[in-house]
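Engineer: Residue-level listing of the chains:
4 protein chains.
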Amino acid sequence: MNDVQNYSDKRGISVDQVGVWDIEYPVTVKGRASGSQNTVASVDMTVQLLPQFKGTHMSRMVEILNRVRGEITMANIPQILSSMRTSLDSPQAVISLRFPYFIEKKAPVSASPSLFPVSVLFSGFSDSTGGDSFILGVRVPVTTLCPCSKEISVSGAHNQRSFVTVYITFKDFVWIEDVVETIEKSSSSEIYPLLKRGDEKAVTEKAYENPVFAEDVVRNVSEKLSADANIRWFMVETLHLESIHTHNAYARVERFKDRAFVLEEHLRMFKGFPRI
Amino acid sequence: MNDVQNYSDKRGISVDQVGVWDIEYPVTVKGRASGSQNTVASVDMTVQLLPQFKGTHMSRMVEILNRVRGEITMANIPQILSSMRTSLDSPQAVISLRFPYFIEKKAPVSASPSLFPVSVLFSGFSDSTGGDSFILGVRVPVTTLCPCSKEISVSGAHNQRSFVTVYITFKDFVWIEDVVETIEKSSSSEIYPLLKRGDEKAVTEKAYENPVFAEDVVRNVSEKLSADANIRWFMVETLHLESIHTHNAYARVERFKDRAFVLEEHLRMFKGFPRI
Amino acid sequence: MNDVQNYSDKRGISVDQVGVWDIEYPVTVKGRASGSQNTVASVDMTVQLLPQFKGTHMSRMVEILNRVRGEITMANIPQILSSMRTSLDSPQAVISLRFPYFIEKKAPVSASPSLFPVSVLFSGFSDSTGGDSFILGVRVPVTTLCPCSKEISVSGAHNQRSFVTVYITFKDFVWIEDVVETIEKSSSSEIYPLLKRGDEKAVTEKAYENPVFAEDVVRNVSEKLSADANIRWFMVETLHLESIHTHNAYARVERFKDRAFVLEEHLRMFKGFPRI
Amino acid sequence: MNDVQNYSDKRGISVDQVGVWDIEYPVTVKGRASGSQNTVASVDMTVQLLPQFKGTHMSRMVEILNRVRGEITMANIPQILSSMRTSLDSPQAVISLRFPYFIEKKAPVSASPSLFPVSVLFSGFSDSTGGDSFILGVRVPVTTLCPCSKEISVSGAHNQRSFVTVYITFKDFVWIEDVVETIEKSSSSEIYPLLKRGDEKAVTEKAYENPVFAEDVVRNVSEKLSADANIRWFMVETLHLESIHTHNAYARVERFKDRAFVLEEHLRMFKGFPRI
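Listed in order, the protein sequences are those of chains R, Z, V and L.
Residue numbering for the first sequence follows my numbering, beginning at 1 and increasing consecutively.
Residue numbering for the second sequence follows my numbering, beginning at 277 and increasing consecutively.
Residue numbering for the third sequence follows my numbering, beginning at 553 and increasing consecutively.
Residue numbering for the fourth sequence follows my numbering, beginning at 829 and increasing consecutively.
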């Protein structure tokens, strides 16, 4: 049986990325408090295809994923990328996983426990000469209360569910929970899956005391990440599902501390989370 | 060339619905204030397939849609359904269109004009013996402010963007704008694409003066539609993008004044708007 | 602190459903081959609200969900519904969970193993007088190859990814895997996450030997489910992402063997899977 | 009434982008064959916020959009961007519009006419010193038939709906229709909303004669755009809804002919189409 993918190609065009997208896959992820947790990821895997080959062998990517099943961590992504480059004879490889991650929360007054879902993204990139790059993405829903609405209104102030997304590269390990905390402290109030009446009062009042514009949210996050020497690059975005408008409010800040080639290449291929 | 669809089928099974889904199509819709407006619909068309036929002829549905291009109204849907039944030799036909519809709004204080998008659904059904049925669906974003949060908190109250959806059948013509108004008056406040500072103050204060639970929204709408003799059946749903929770709040009321066979059949095939 | 939800309401309108939607939650589900598996569900929980109450207590629904964490099965859904009715003083309750479920598959020639994701829905309903009802939903991607295209073309035939969805009520227990098998055998060919070259040849040739229209898929499934005395009601839908068209093809068959009141009520509240 | 947005900010952090997202808006777009056509866009507008300001004035963006209503073309986007920079006192502005665009097609044998929907994106960027940049994006559904499956199988070959997306910058004007044609000629076959039996035979056979991998599609497009001196930068992506797999195949090629500062800045803010 012919290996059509191995045929040679005469067009002399390398393909920046080719591979499999949107593989639904059960994974185990390490959490700070909970040891490890089981969740379900959407996985993309691609490699660069050199000009001389007609095609890549996508089934090998799925085989590599199968071999590490149940153990995808920030720590073993470099090995997965190395396997991809070797198995597919490629100078560059990318893998990204997006998955819900659950954090145990206690309501602020009643201490009622509940499971808070955030969205997490792992994106790894490897280049045969430039080395490896890893981006951690975390998206967290929060409350934001409008400073202008509060100041000009006799009572009340419009507030809404907002999604704050942080992407970072770093030198040493970072816990997902720490990024969540950075985001929540930059908003009007963190939110919860379960609130009893006393908790609802506390969250309402806290949000009213801490009004923030979209601009404030990204500046608050930015200030913390800029001051943290462990963070080498970051991008923070916020999207507010405005309660007084039909459209959304958006803000973004991105800062480089390094301009490493490997990061620049990684960002060319980096998709982030889907739009909300 | 053989007409495979016309082959006979031996299994003796009628197919309740078969046809084309998700056709993106430019349409012209009549509005109360604006004469007619141009928009883009997502169109589904299906017929019942009798047991003796192997398949329907889906291209004929697209041809029928092409013939009426630019003129899809509540008034000519019966003709479209009649063409579908005749052309496809079928006792039942359904067509549904979902499209954004724009309403000119003036901000409450500054009177600044803007275009407010709502979602509209036309669903027509025709049965060879039972006659025709038409369902109008309208989905409108509003603000809802929580009565409990207001009452128990020293200041402020959580509020959020909510989507209220009304489906109705009726005897005489109903304007989309009238359904929008019914919905907006059942919420804490209507919302706008464009608000200057004075408007923002007015909307914030109005919402604070009119707190509603999800339960209140659907009861408020229900009370109006129940009292309107022109309405023969309705369903109202609301979905609140809770600003203090990660999940949504939902409520629904449905009431029949008639139990017409044709409506019951229509509802078996009725999909409504997609989930938000 | 006042319990605003407990205030009385004067409008005399019962709310058919009110509750929480779209809770993201980790669950453990029993599988035939795999013992139990961990996955993540999207959960909706609602109750009927009697006319005399102003509101329901949504936080109690989340508490009930927390109490059974990790153990949501077809078997314990009646207890969850019973807790909901008791805790919220309601004659009716509904819970639905939608989650990806993974099946170990072996490729047809190479026997390479892989994890095949299908979508599963559990919907439970309970009525104080009518009793309980349970609907199982399973959505499976398959290949469908067009009989007309095959017959009229010199070579080749258009085929595409299609999603077949089956909803059933039943007397005795049904395995998710059995519904998947019924669906796959009604299509041109089952599909796989991992195929080596010999497998790809086998799947391509099998699909070419088994052309089916959308009409055939739903009739094939319908024939099997109609003949199965354990099945009391079913609905089967198929959506074909046509490879020669921009729109999709759709077909649906629904059959009742019982017309139980509790099923009819359940269906009024039943949303099924979201549209693809 | 205080202008809270105009308050000064002490953190010294400029915000790269802040503004309004997801405005649904009716627009009129010029087409080659059809004069102009009416459609509905999703619009994002953002500006850079200088460190000294607390917030931007989002309502002014909506006002600017209102002023040009019905006339958004590649030609007047620079004026919109200029108004945004002036009105919001900002060195940088971005506007992007995504909308369905309809092309009249005739079926290949019967010449039956129909309206073919493609997705179009206009993204304009303006920098006070670097000047203006414009990216045109076009996403087109096509058929792709697998060369490997064809070669190794006795008969048939798996094929599927694929979405090819091209983003370009250029010196002189480019018609949307020309980009669509480039994409369609790079696939196994263009597809149609309406095909009679003879047309279906023609499309099936054409696809069978022109098998392409994802790699081939992006290389075919790449070859044409690289040879076109009018094109200054491009990115081409393809996503195949594999008919034999549950996941998708993906490929991407990006090439720069210029490395203009303004393009590099624009790409930092460029989101492209949402994932399929």
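There's no promise every hint is true.
[What the hints assert, rightly or not] Label-pair distances were calculated between CB atoms; the ranges are:
no.	chain 1	residue 1	chain 2	residue 2	range
1	R	Ala-229	V	Thr-580	40 to 46 angstroms
2	L	Lys-934	Z	Pro-327	33 to 39 angstroms
3	V	Glu-623	R	Asp-258	44 to 50 angstroms
4	Z	Lys-461	L	Asn-830	30 to 36 angstroms
[Stated by the list, open to error] Heads up, simulated DSS-like pairs for lysine-lysine below, C-alpha to C-alpha not over 25 angstroms straight-line:
no.	chain 1	residue 1	chain 2	residue 2
5	L	Lys-1085	R	Lys-271
6	V	Lys-758	Z	Lys-286
7	V	Lys-562	V	Lys-582
8	R	Lys-201	Z	Lys-286
9	R	Lys-257	R	Lys-224
10	Z	Lys-547	V	Lys-823
11	R	Lys-54	L	Lys-882
12	R	Lys-196	R	Lys-106
13	V	Lys-809	Z	Lys-286
14	L	Lys-882	R	Lys-224
15	R	Lys-196	R	Lys-185
16	Z	Lys-533	V	Lys-723
17	Z	Lys-482	V	Lys-737
18	R	Lys-206	Z	Lys-477
19	L	Lys-1013	L	Lys-1034
20	L	Lys-933	R	Lys-54
Calculated from the structure, these hints are not laboratory results.
Just so you know, these numbers come straight off a predicted model, no measurement behind them.
Ideal Cβ positions, reconstructed from N, Cα and C, are used throughout, including at glycine.
Engineer: Checking each numbered hint in turn, tell me which of them this model violates, lowest number first.
Structural biologist: 7, 8, 11, 16, 17 and 20
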